[in-house]
Amino acid sequence: MKDLYLVYKNLTRKKMRLFLTSLAIFVAFLIFGAVTALQGALNSGIEMSADNRLVVVHKTNFTNPLPYAYVNKVQNIDGVHQVTHANWFGGYYQEPANQVITMAVDPDTYFDVYSELVVSPEQMAAWKANRAGVMVGERLAKVNNWKVGDQIPISSNIFSKKEGGHTWELKVEGIFGATDPQVDTGYMVFHYKYFMETQSWGGDNVGWLVLTTDDPAINEQVAKAIDETFANSQAETDTSTEKAFNKAFIEQIGNIGLIIFGVVFMAFFTILVVVGNTMVLAIRERTAEIAVLKTLGFSSPRIFRMILAESCLLSFLGGLLGLGAAYLAVDGASEFLARFLPNLVLDGSIALQALGYMLLLGLVTGIVPAISALRLNIISGFSKG
Amino acid sequence: MTHENLFILKNLSKRFVKGKETISIFDGLDMTIPKGDFLAIMGPSGSGKTTLLNLLGGVDQPTGGEVIFDGERVDSLSESQLTKWRANNIGFIFQFYNLMPMLNAERNVELPLLLTNLSSKERMQRVHTALKLVGLEDRAKHMPSEMSGGQLQRVAIARAVVSDPKLLLCDEPTGDLDRQTADEILQMLQLLNRDFGKTIVMVTHDPAAARYASRTLHLDKGQFVEKEQLMEKSA
Ligand SMILES: Nc1ncnc2c1ncn2[C@@H]1O[C@H](COP(=O)(O)OP(=O)(O)OP(=O)(O)O)[C@@H](O)[C@H]1O
Ligand SMILES: [Mg+2]
Chain E
0 MKDLYLVYKN LTRKKMRLFL TSLAIFVAFL IFGAVTALQG ALNSGIEMSA DNRLVVVHKT
60 NFTNPLPYAY VNKVQNIDGV HQVTHANWFG GYYQEPANQV ITMAVDPDTY FDVYSELVVS
120 PEQMAAWKAN RAGVMVGERL AKVNNWKVGD QIPISSNIFS KKEGGHTWEL KVEGIFGATD
180 PQVDTGYMVF HYKYFMETQS WGGDNVGWLV LTTDDPAINE QVAKAIDETF ANSQAETDTS
240 TEKAFNKAFI EQIGNIGLII FGVVFMAFFT ILVVVGNTMV LAIRERTAEI AVLKTLGFSS
300 PRIFRMILAE SCLLSFLGGL LGLGAAYLAV DGASEFLARF LPNLVLDGSI ALQALGYMLL
360 LGLVTGIVPA ISALRLNIIS GFSKG
Chain Y
0 MTHENLFILK NLSKRFVKGK ETISIFDGLD MTIPKGDFLA IMGPSGSGKT TLLNLLGGVD
60 QPTGGEVIFD GERVDSLSES QLTKWRANNI GFIFQFYNLM PMLNAERNVE LPLLLTNLSS
120 KERMQRVHTA LKLVGLEDRA KHMPSEMSGG QLQRVAIARA VVSDPKLLLC DEPTGDLDRQ
180 TADEILQMLQ LLNRDFGKTI VMVTHDPAAA RYASRTLHLD KGQFVEKEQL MEKSA
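Here the protein sequences come in this chain order: E and Y. In this text, residue positions in the first sequence follow numbering that gives the first Met the number 0: the first is 0, and each later residue adds one. In this text, residue positions in the second sequence follow numbering that gives the first Met the number 0: the first is 0, and each later residue adds one.
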């Protein structure tokens with residue numbers, strides 16, 4: 000388009016105005032990108048939970064451990080398909096700031112219960128065979144640049160080893176991915192038995208149980224049966240679906256998300272009015288120039304398109320920078336929030352959505368001045384200018 | 000078929016309606032402009048000079064009568080047809096130059112060429128030929144805010160001739176300039192008329208400017224009046 004230079008020159012003729020309006024749009028899209036990513040992360044935890052998976056935790060406090068004996072007892076309850084268990088290890092790699100989410104699990108059942116996680120059979124066999132082996136999630140491996148065969152020292156500031164020290168030398172035997180990119184792979188798992196035998200307290204506790212039922216329809220029934228089994232024992236349980244568990248965990252944040260979404264909506268509306276008004280004034284100032292262009296032979300539809308192109312260019316200028324900043328912000332935050340919000344990403348679908356809104360903002364803010372320029376009569380244009 | 004008259008106006012009328020009032024500017028005006036003419040139009044303020052130029056340039060449409068340009072009726076063209084016709088045939092020169100303030104001289108001169116199919120290289124070649132013609136090659140990159148009135152008007156002339164139109168319409172082209180600068184601009188118009196065969200219609204208040212034209216018509220109350228009559232009156 001030959002007129003692009005003209006459009007560009009018109010857009011940039013008042014630097015201060017350009018700066019302020021694109022800053023407003025920048026902020027709007029920064030907020031939009033960040034909040035939409037946050038919402039996506041909040042929802043993905045719920046969406047990704049399997050329908051037939053239940054979580055069993057200590058009734059008084061879900062961080063309290065449960066006796067190991069519960070594993071077999073639960074497995075024998077009617078409707079329970081497969082039980083596995085996990086212990087929180089925490090841990091960090093090389094320095095405390097570099098947190099690595101690590102759990103001690105049962106190698107024989109863990110990946111059966113979490114069937115959305117995928118590992119090659121060879122790596123699975125190698126991991127099961129090596130008591131000091133660790134299975135690392137794809138995302139975690141990528142972040143730390145770990146490969147199969149790497150020896151990684153993982154330290155804990157909770158646990159210490161029987162033989163002294165608090166660093167476990169683990170060997171990466173496999174890397175697991177997932178059937179869906181939304182599934183969290185930002186953690187790793189190692190052998191429960193090895194953990195219990197090497198840590199100074201020993202014991203036979205598990206952190207929590209995870210199980211699948213034969214059918215999602217009997218979830219409630221099975222959950223009730225489990226909790227009744229351990230009623231009045233010294234470790235009563237609280238069983239809920241993974242979905243409900245995740246939902247309860249993030250509900251508070253979710254509500255905050257709704258409020259933020261309202262704020263974003265208001266911000267967008269304000270910016271629409273401000274930018275729209277600025278465009279109207281900017282074009283009105285140019286009435287005589289538009290009359291000159293028409294006199295020279297520029298058609299009205301052509302001038303109409305030039306003005307829309309200008310408002311869209313403005314919208315994309317501020318919008319793309321804002322979206323880029325949102326990407327950096329989300330990327331930075333996702334490292335710190337990985338434990339709570341494993342899926343905090345500004346992905347393609349959010350970007351595409353943002354591009355759509357940029358186009359919409361550009362068209363809406365440009366349409367009024369574009370129409371008045373389209374209709375402008377040359378003679379009255381000159382007498383106004 | 001070639002036509003020796005560039006413009007023929009027959010029984011032209013123009014009325015403006017403002018609310019309940021109707022102002023009649025022209026009522027049965029006839030006029031002929033031969034090719035190669037350099038016509039000056041003089042007359043008191045409000046006599047309809049600008050309105051006439053607007054009608055000739057297809058910027059405004061007559062209420063009645065015929066406008067024949069180079070053998071063809073143009074009074075009944077649609078707005079978009081007129082827009083194209085203007086781009087192809089008419090160069091405009093205004094009293095206050097009307098350059099785009101955010102474009103430098105060469106980009107201003109280039110504007111009419113954006114309406115053609117010329118490549119950007121060809122456009123720039125023509126722009127520089129036009130700037131050379133008005134003696135401003137060395138100011139090609141200057142912004143309007145950095146130029147004097149005379150220079151601005153020369154840029155405007157370059158813009159008016161760059162697409163090689165048959166007709167130049169000038170509304171008080173020297174109205175904002177001092178005597179010496181005005182003379183330079185008028186000499187330039189004379190050159191375009193004599194050596195490049197451009198037909199020129201120029202509105203002016205200045206008898207000295209009118210002397211550069213080949214003939215002068217006096218407009219008063221929507222009619223052309225004989226020069227002698229005016230002379231007698233003023234004598
Ligand atoms: N768009 C319009 N609507 C109503 N009246 C108009 C319009 N344009 C011009 N007129 C009127 O038509 C008459 C002629 O105006 P025009 O501008 O042609 O005069 P002019 O001879 O160019 O005057 P000047 O020497 O002051 O430029 C004036 O009375 C003016 O008020
Ligand atoms: Mg006038």
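Don't take each hint at face value.
Some chain Y residues near chain E, calculated using beta-carbon distances under 10 Å [what the hints assert, rightly or not]:
1. Gly56
2. Asn97
3. Arg122
4. Leu216
5. His217
Honestly, the hints are just simulated from the structure, not real lab data. Glycine residues also receive a C-beta, built at the ideal position from the N, C-alpha and C atoms.
So, going through the hints one by one against the coordinates:
{"no.": "1", "hint": "Gly56", "result": "holds, 7 Å"}
{"no.": "2", "hint": "Asn97", "result": "holds, 5 Å"}
{"no.": "3", "hint": "Arg122", "result": "holds, 9 Å"}
{"no.": "4", "hint": "Leu216", "result": "violated, 22 Å"}
{"no.": "5", "hint": "His217", "result": "violated, 24 Å"}
When each numbered hint is compared with the structure, violations occur for hints 4 and 5.
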